[in-house]
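Could you put together the complete structure from these sequences and hints?
For the sequence shown, the tail end lands on 270 under the numbering used here, and the numbers increase by one without skipping.
What the hints contain is simulated information worked out from the structure, not anything from laboratory work.
Treat the hints with care, since some could be wrong.
To be verified - Using 27 Å as the maximum straight-line C-alpha spacing, the simulated BS3-like pairs for lysine-lysine come out as follows:
1) K153 / K176
2) K176 / K151
3) K47 / K57
4) K171 / K151
5) K153 / K171
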Amino acid sequence: MNRRNSQTLCGSSDFLICGNCQRVLRKDKKMLIPQASRGPSAFIPEKEFGQANDVNKLTNRLAEEYSTSGRLDNITQVMSFHPQYLESFLRTQFYMLRVDGPLPYHYRHYIAIMAAARHQCVYLINMHVEEFLSTGGSAEWLSGLEYIPQKLKNLNEINKLLAHRPWLIRKEHIQKLVRTGENNWSLAELLHAVVLLAHYHALASFVFGSGINPERDPDTQNGLQTAVRNKFCVCDLANDNNIENTSQTSNDAEQNRDYESELEALMERM
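Okay, structure coming up:
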C-alpha cells in the first residue's frame with residue numbers, strides 16, 4: 001500500500017483510510033457489514049455460554065483479577081470452556097501488560113498492535129488501540145509505522161519474521177537490535193518485546209480459529225455494525241513501504257534466499 005495514495009478521506013466521514021480500503025468502500029460509502037452471528041464466537045451457539053454456573057463464577061473472578069481489558073471480553077468467554085487454561089492465559093497476559101517491567105506501558109500495547117496488524121486481526125488491534133491511548137500513547141503513531149520512534153521501527157523486521165517466517169531468525173537479528181546506539185534495545189527490553197510479539201501472533205490465530213466475534217457495540221442496531229470505526233486504517237499499521245530498512249544488508253538478503261531455497265527443496269521432497 002502506497003502511503004501517497006492513503007492520504008484520502010472517505011467522503012461521508014472523517015475517517016482516514018488507505019487507497020485499497022477506499023476502493024472496497026467506493027461502491028457504497030455507507031456500507032454496513034452484517035454481523036455473522038451473535039455471542040462471543042461465530043462457531044459456538046450463544047446459548048451454550050452461561051450454562052455452567054460454577055464455571056461462570058470462576059470466569060468472572062478471573063476476569064476481575066487478571067483481565068487487561070477490564071471486562072469479560074469475548075476471548076475470555078470462549079476460553080472459559082477450559083478454566084485451567086484460561087487462568088494461566090489471563091495471568092500470563094496480565095504480567096506481560098500490567099506488571100512493572102522494562103518496557104513503558106504504551107510501548108507494550110503498540111507492540112501488541114504491531115503483531116496483530118501483521119495478521120490483519122482487527123479484533124486485537126481495536127482492543128489494544130484503546131489501551132494504547134489510555135496509557136498515554138500518541139494517536140499519531142496509529143497513522144502508520146513511519147510515524148513511530150526509530151526504536152520501534154527497528155523491531156519491525158523481527159516482527160515480520162516471527163509472524164510469517166520464524167525459521168529465518170538468526171542471532172544477527174538480535175545483535176543488530178541490542179548493539180550500541182541511540183535507538184538500541186537492552187536485552188531485557190528486547191526479551192519483553194519478543195515475548196509480546198510471539199504471544200499476539202499466536203493469539204491472532206486463536207481469534208480467527210475460534211471465530212471470535214467483535215465486541216458488541218452499544219450503538220449497533222439490528223445486528224449491523226458500521227464498516228469503518230476508527231480514525232486510522234488497519235493496513236497502515238502493518239505497512240512498512242516507506243520505512244528505510246537499514247538492518248537488511250545484501251548479505252542478509254542472500255542468506256534469506258538460501259533459506260527459502262532450502263525450504264522449497266524440503267517441501268518438494270516431502
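Right, here's what the structure says about each hint:
For the hint pairing K153 with K176, the CA-to-CA distance comes to about 13 Å; that is within 27 Å, so the pair holds. Our distance criterion of 27 Å between C-alpha atoms is met by K176 and K151, whose separation comes to about 12 Å. Straight-line distance between C-alpha atoms of K47 and K57 comes to about 17 Å, which keeps the hinted pair within the 27 Å bound. A threshold of 27 Å between alpha carbons decides the hint, and for K171 with K151 the separation of about 19 Å falls inside it, so the pair holds.
Note on K153 and K171: the hinted pairing holds, with a Cα-Cα distance of about 19 Å set against a maximum of 27 Å.
Taken one by one, the earlier hints all hold for this structure without exception.
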